[in-house]
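Peer 1: What follows is each chain in one-letter form.
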Amino acid sequence: MDEYLDRLNIYASRLVSQKEYFVPGHRACQGCAEALALRLVAKTLGRNNIVACATGCMEIVSSPLPLTSWKVPWIHVAFENAAAVASGIESGLKALMRKGRLPRQKINVMAMAGDGGTSDIGLQALSGALERGHNMVYVCFDNEAYMNTGIQRSSSTPFGASTTTSPAGKVVPGQVTWKKNMPEITAAHNIPYVATACSSYPFDLMEKVKKAADIEGPAYVHILSICPTGWRIPPQLAIHAGRMAIETGMFPLYEVERGKYRLNIDLPELRPVEEYLRFQGRFRHLTPELIEKIQQRVREEYEKLKRKVEMTNED
Amino acid sequence: MATRVGMEVSIAAAEAVKQANADIIAAYPITPQTHIVEHLSELVNDGELDAEFIPVESEHSAMSVCAGSSAAGARTFTCTSSQGLILMSEIVYAVASLRLPMLMILANRSLNSPLSIWNDHSDVMSVRDCGWIQVFMENGQEVYDHVFIGFRVAEDRNVIIPFMMNIDGFMLTHVIEPIGLLEQEVVDRYLPPFQPLYRLHPNNPVTMGAFGPPILFTEAKKAQDEAFNKTMPHIIKAWQEFGDLTGRYYHPIETYRTDEAKIVIITQGSLGETASIGIDMMREEKEPVGLVKIRLWRPFPFAELREAVKEAELVVVMDRAISYGGPGGPLAGEVRSALYPQESRPRVANFIIGLGGRDVAPEDFVQMVQQAKAQPGEWYEIYGVRE
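For the record, the sequence lines run as chains A and E. Counting from 1, position 30 in the first sequence corresponds to residue 30 in the working numbering; the numbering is continuous, with no gaps. Counting from 1, position 30 in the second sequence corresponds to residue 1030 in the working numbering; the numbering is continuous, with no gaps.
One should not assume that every hint holds.
To be verified - DMTMM-like, lysine to aspartate or glutamate: derived pairs with alpha carbons at most 25 Å apart:
#1 A:K99 x E:D1046
#2 A:K99 x E:E1387
#3 A:K99 x E:E1042
#4 A:K99 x E:E1307
As the list claims (entries may be wrong) - Footprint (simulated), chain A over chain E, 3 or more residues, beta carbon under 8 Å:
#5 1020–1033
#6 1046–1052
#7 1087–1101
#8 1170–1178
#9 1206–1219
Keep in mind that the hints were calculated from the coordinates and are not lab data. All C-beta atoms, glycine included, are put in the ideal place defined by N, C-alpha and C.
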């Protein structure tokens, strides 16, 4: 083990800051790639960052009184309002700095929520904050269900997934709706920056978070956050699952910068979705017909995305 | 020298928020609160008030923005009514427990259903136990003055609890009254800039709104309850100092002609002025009736109330909200609790009046007192129901 840590010290430190702002000791499950993603996000945003956190896994695991995993200022108020709380922090700092009551300095304001806190209950507050144009980074940690309350389906749960409120039954084969497309919904607000990311691609993730923070105005980063507990996979397969999500086209890595789409990993050929689905317990019940249905959809969506890339980069 | 001008009460409230130099105003429009936020938007857009006006997409977000801005250390104001309050009520509770000071004006209006935009107190009674300091205002001058008092109390480091002003929708928000305005210099002397004990800032990272496991939750709540119960002397001190500066003194309750009063009417809010005319009419007829007006609703002034009604044999409580299946209106419940430990106590009759904007005239008080005298026992009745 020491041997590996030595190597980490030699190589990683040149690429990534070794300072941590979301620190160990939190109570996330083994193999939680959401905690990993959050650690990378916090590391990228650094010291001058204030976090407004929605209720959810990351809130619960990081702040049991009297302990905290946060080395940056952090506030949790409720489930559906992280974007609004962050709006208040950003506006408050702006007013106080303008009025000379706080020294002028660049402080990033970050809002964070899970897929439930973003695409379901927090959608209105998020839309309001994006429309008003607050200078903030909103990060959605999408683990594709309400994991904190026990794996209930959300509008971000993919088609076919078995959850505790979309169980694979004798008649209904799990989730019957398609995953809500949050990056597109946020991009439709004409905000300067939208990106998708995954902690299986840490450098891509960190670059995007940095870009989101540097850009003036609201930015939205949607991170696929692999949840071994909820997806029913062994913890050691979390990183692999993320890679398969991208390589099969289930979750393309792209960004929309001032309206221009860019695929960050453009695969000449997508792997069959089955390679992503087959090792996950939540998809175990899927029949070949259903898998084909998903394959069809993924192909169509991927083509659509590629056309957007072409269309917005014509001149 | 202070000036006295005729002004709509909503405009006076907004002007006071300007003089208090608020940093953040976050609000969503709802009748009858609108004139306050409209005027504040004008003041901000005309450059008269250096603040961020955040036109949020719902009241829930209004209170959430206020949570964030107060946590950042900004002087924070919001304003709502009725459905807006109950939509934001989740966060109303949260900010009190997070000890985030701010000022909210609640232009009191009834709750659905049926839909009514008019005045009663059912909105505020839905958040009675939310952990905010709550006052009821009787007239425009009180409203104007309490903007300064409210910020001062909420931000006082001995308090650090949000402050809610109840002002009757339309009956008070939309009337024009003579208001004595304060010189800016007097306001600045009374209300220093907000200096939070903790704020969200990288120089001193703090974790706010942590998760409370069962081993600590009770202790956190006990601490909050204790802090709340210690606010009374600081509220009284803020009133005293305001009086010393302006000549306008306020108290947890006000009394009117309670000397040798065997019957005492109890009201909250703008009804007090109407009731006092009714009292004068009854006193003309040698009826020994007095009036007690409850200004401070939370913390409830138990001792002051007992003192004010100690001569009374009959207390007639006027509620403007229903507590379905309860012992009567919420105010009557509090009054009965205050009087219960006493060896001898007056009989308490309870009328629920003025729901959804129903007008209450001075003569109605005369009639209610007659009925309360004639009908023995402890009871409540919804008064003035049309046949």
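Peer 1: Hint by hint, note whether the structure agrees.
Peer 2: The hints, checked one at a time:
| no. | hint | verdict |
| --- | --- | --- |
| 1 | A:K99 x E:D1046 | holds (16 Å) |
| 2 | A:K99 x E:E1387 | violated (60 Å) |
| 3 | A:K99 x E:E1042 | holds (19 Å) |
| 4 | A:K99 x E:E1307 | violated (47 Å) |
| 5 | 1020–1033 | holds (count 3) |
| 6 | 1046–1052 | holds (count 3) |
| 7 | 1087–1101 | holds (count 5) |
| 8 | 1170–1178 | violated (count 0) |
| 9 | 1206–1219 | holds (count 9) |
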